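*Asks:* Could you put together the complete structure from these sequences and hints?
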Amino acid sequence: GDSVTQMEGPVTLSEEAFLTINCTYTATGYPSLFWYVQYPGEGLQLLLKATKADDKGSNKGFEATYRKETTSFHLEKGSVQVSDSAVYFCALIINTGNQFYFGTGTSLTVIP
Amino acid sequence: DAGITQSPRHKVTETGTPVTLRCHQTENHRYMYWYRQDPGHGLRLIHYSYGVKDTDKGEVSDGYSVSRSKTEDFLLTLESATSSQTSVYFCAIKGTGTGNTGELFFGEGSRLTVL
Numbered sequence: 002g003d004s005v006t007q008m009e010g011p012v013t014l015s016e017e018a019f020l021t022i023n024c025t026y027t028a029t030g031y032p033s034l035f036w037y038v039q040y041p042g043e044g045l046q047l048l049l050k051a052t053k054a055d056d057k058g059s060n061k062g063f064e065a066t067y068r069k070e071t072t073s074f075h076l077e078k079g080s081v082q083v084s085d086s087a088v089y090f091c092a093l094i095i096n097t098g099n100q101f102y103f104g105t106g107t108s109l110t111v112i113p
Numbered sequence: 002d003a004g005i006t007q008s009p010r011h012k013v014t015e016t017g018t019p020v021t022l023r024c025h026q027t028e029n030h031r032y033m034y035w036y037r038q039d040p041g042h043g044l045r046l047i048h049y050s051y052g053v054k055d056t057d058k059g060e061v062s063d064g065y066s067v068s069r070s071k072t073e074d075f076l077l078t079l080e081s082a083t084s085s086q087t088s089v090y091f092c093a094i095k096g097t098g099t100g101n102t103g104e105l106f107f108g109e110g111s112r113l114t115v116l
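In order, the protein sequences belong to chains A and B.
For this note's numbering, count along the first sequence from 1 and bump the result up by 1.
For this note's numbering, count along the second sequence from 1 and bump the result up by 1.
Calculated directly from the structure, the hints in this document are not laboratory data.
Computed from a predicted model, the values in this text were never measured in an experiment.
Even for Gly, the Cβ is constructed at its ideal location relative to N, Cα and C.
Be a bit skeptical, because a hint or two may be false.
One side only, chain A facing chain B, incomplete, derived with CB under 8 Å [as the list claims (entries may be wrong)]: (1) Y40; (2) P41; (3) E43; (4) L45; (5) L47; (6) K50; (7) F63; (8) S86; (9) F90; (10) Q100; (11) F101; (12) G106; (13) S108.
Distance windows between CB atoms, simulated [claimed, not checked]: (14) B:S81 x A:D3: 28 to 34 Å; (15) A:G42 x B:S70: 40 to 46 Å; (16) B:T27 x A:T110: 33 to 39 Å; (17) B:T18 x A:P41: 45 to 51 Å; (18) B:G41 x A:A54: 30 to 36 Å; (19) B:P9 x A:T6: 32 to 38 Å.
*Replies:* See below:
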């Protein structure tokens, strides 16, 4: 079936450190891939997305590249800030389907 | 802002009582979803709707029912609440991206505690 696996957390980084959160997927069809972010007490917000192989999604300094050969969509940021502290979710939807599949989330804490 | 409102935002109830959560949207989107969020499980789909009176089950639908009598409202009902249904419930709508690339927009969540 369709699923997403992302790295376990929590992750704690110092401000200005480099961030990678790994995400791999299994898909029965051709997926679109997403990263969502959830700040404390809020709903999820779309951070970035990619809809076809080799696409790079980017937003707010975050990037992720849709790698079909490795079935991955790893999230990266070159220099994290305290304000990036949140829970990050990787997700997919098959382009012929109606259901989104989410990873379990990775909690990030950035310390000054 | 995708115009999604969830109510109530917080509710405490007792085991065995019925509970209804409401999701209201203002942008006439076809697809609406109910998820629950629990530590260690991420988001799990309960039910979704693809139009008025058209609904389908998700992976954790047992103990839940839904109704969609008009486009803007999607109701989630716990007929007889249990402690295992203590959770944060999120409603979401699917945006109209090209093909099927429309992303989900989420409400702010409804925190339900079943004592």
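*Asks:* Against this structure, judge whether each hint is valid.
*Replies:* Structure-based check of all given hints:
1. With a cut of 8 Å, the hint placing Y40 of chain A at the interface with chain B is violated, because the nearest CB-to-CB distance is about 11 Å.
2. Taking 8 Å as the C-beta contact cut-off toward chain B, the hint placing P41 of chain A at the interface is violated, the least distance being around 11 Å.
3. The beta carbon of E43 of chain A is positioned within 8 Å of a beta carbon in chain B (closest approach about 6 Å), and the interface hint is therefore held.
4. A hinted interface residue such as L45 of chain A counts as satisfied when its beta carbon comes closer than 8 Å to some beta carbon of chain B; here the least separation is about 5 Å, so the hint holds.
5. Hint status for L47 of chain A: holds, given a least beta-carbon distance of 5 Å to chain B, under 8 Å.
6. Residue-level restraint check for K50 of chain A holds (minimum Cβ-Cβ distance to chain B is 6 Å; threshold 8 Å).
7. Annotation: F63 of chain A was flagged as interfacial toward chain B, and the flag is violated, the nearest CB pair being 15 Å apart, outside 8 Å.
8. Interface restraint check: S86 of chain A against chain B, minimum CB-CB distance 17 Å, threshold 8 Å, status violated.
9. Among the interface hints, the one on F90 of chain A holds; its C-beta lies about 6 Å from the nearest C-beta in chain B, closer than the 8 Å criterion.
10. With a cut of 8 Å, the hint placing Q100 of chain A at the interface with chain B holds, because the nearest CB-to-CB distance is about 6 Å.
11. With a cut of 8 Å, the hint placing F101 of chain A at the interface with chain B holds, because the nearest CB-to-CB distance is about 6 Å.
12. Restraint check, G106 of chain A versus chain B: the minimum CB separation of about 5 Å is within 8 Å; hint holds.
13. For S108 of chain A, the suggested interface contact is broken, since its CB lies about 10 Å from the closest CB of chain B, more than 8 Å.
14. Checking the proposed 28 to 34 Å range against S81 of chain B and D3 of chain A shows it holds: the Cβ atoms sit about 32 Å from each other.
15. For the pair G42 of chain A and S70 of chain B, the beta carbons lie near 31 Å from each other, so the given range of 40 to 46 Å is not met.
16. The beta-carbon spacing between T27 of chain B and T110 of chain A, approximately 35 Å, falls within the hinted interval of 33 to 39 Å.
17. T18 of chain B and P41 of chain A have their C-beta atoms about 29 Å apart, which leaves the hinted 45 to 51 Å range violated.
18. For the hinted restraint 30 to 36 Å between G41 of chain B and A54 of chain A, the CB-CB distance of approximately 31 Å keeps it satisfied.
19. The hint said 32 to 38 Å for the Cβ distance between P9 of chain B and T6 of chain A, and at roughly 34 Å that hint holds.
Checked against the numbered hints given earlier, the structure breaks hints 1, 2, 7, 8, 13, 15, 17 and satisfies all the rest.
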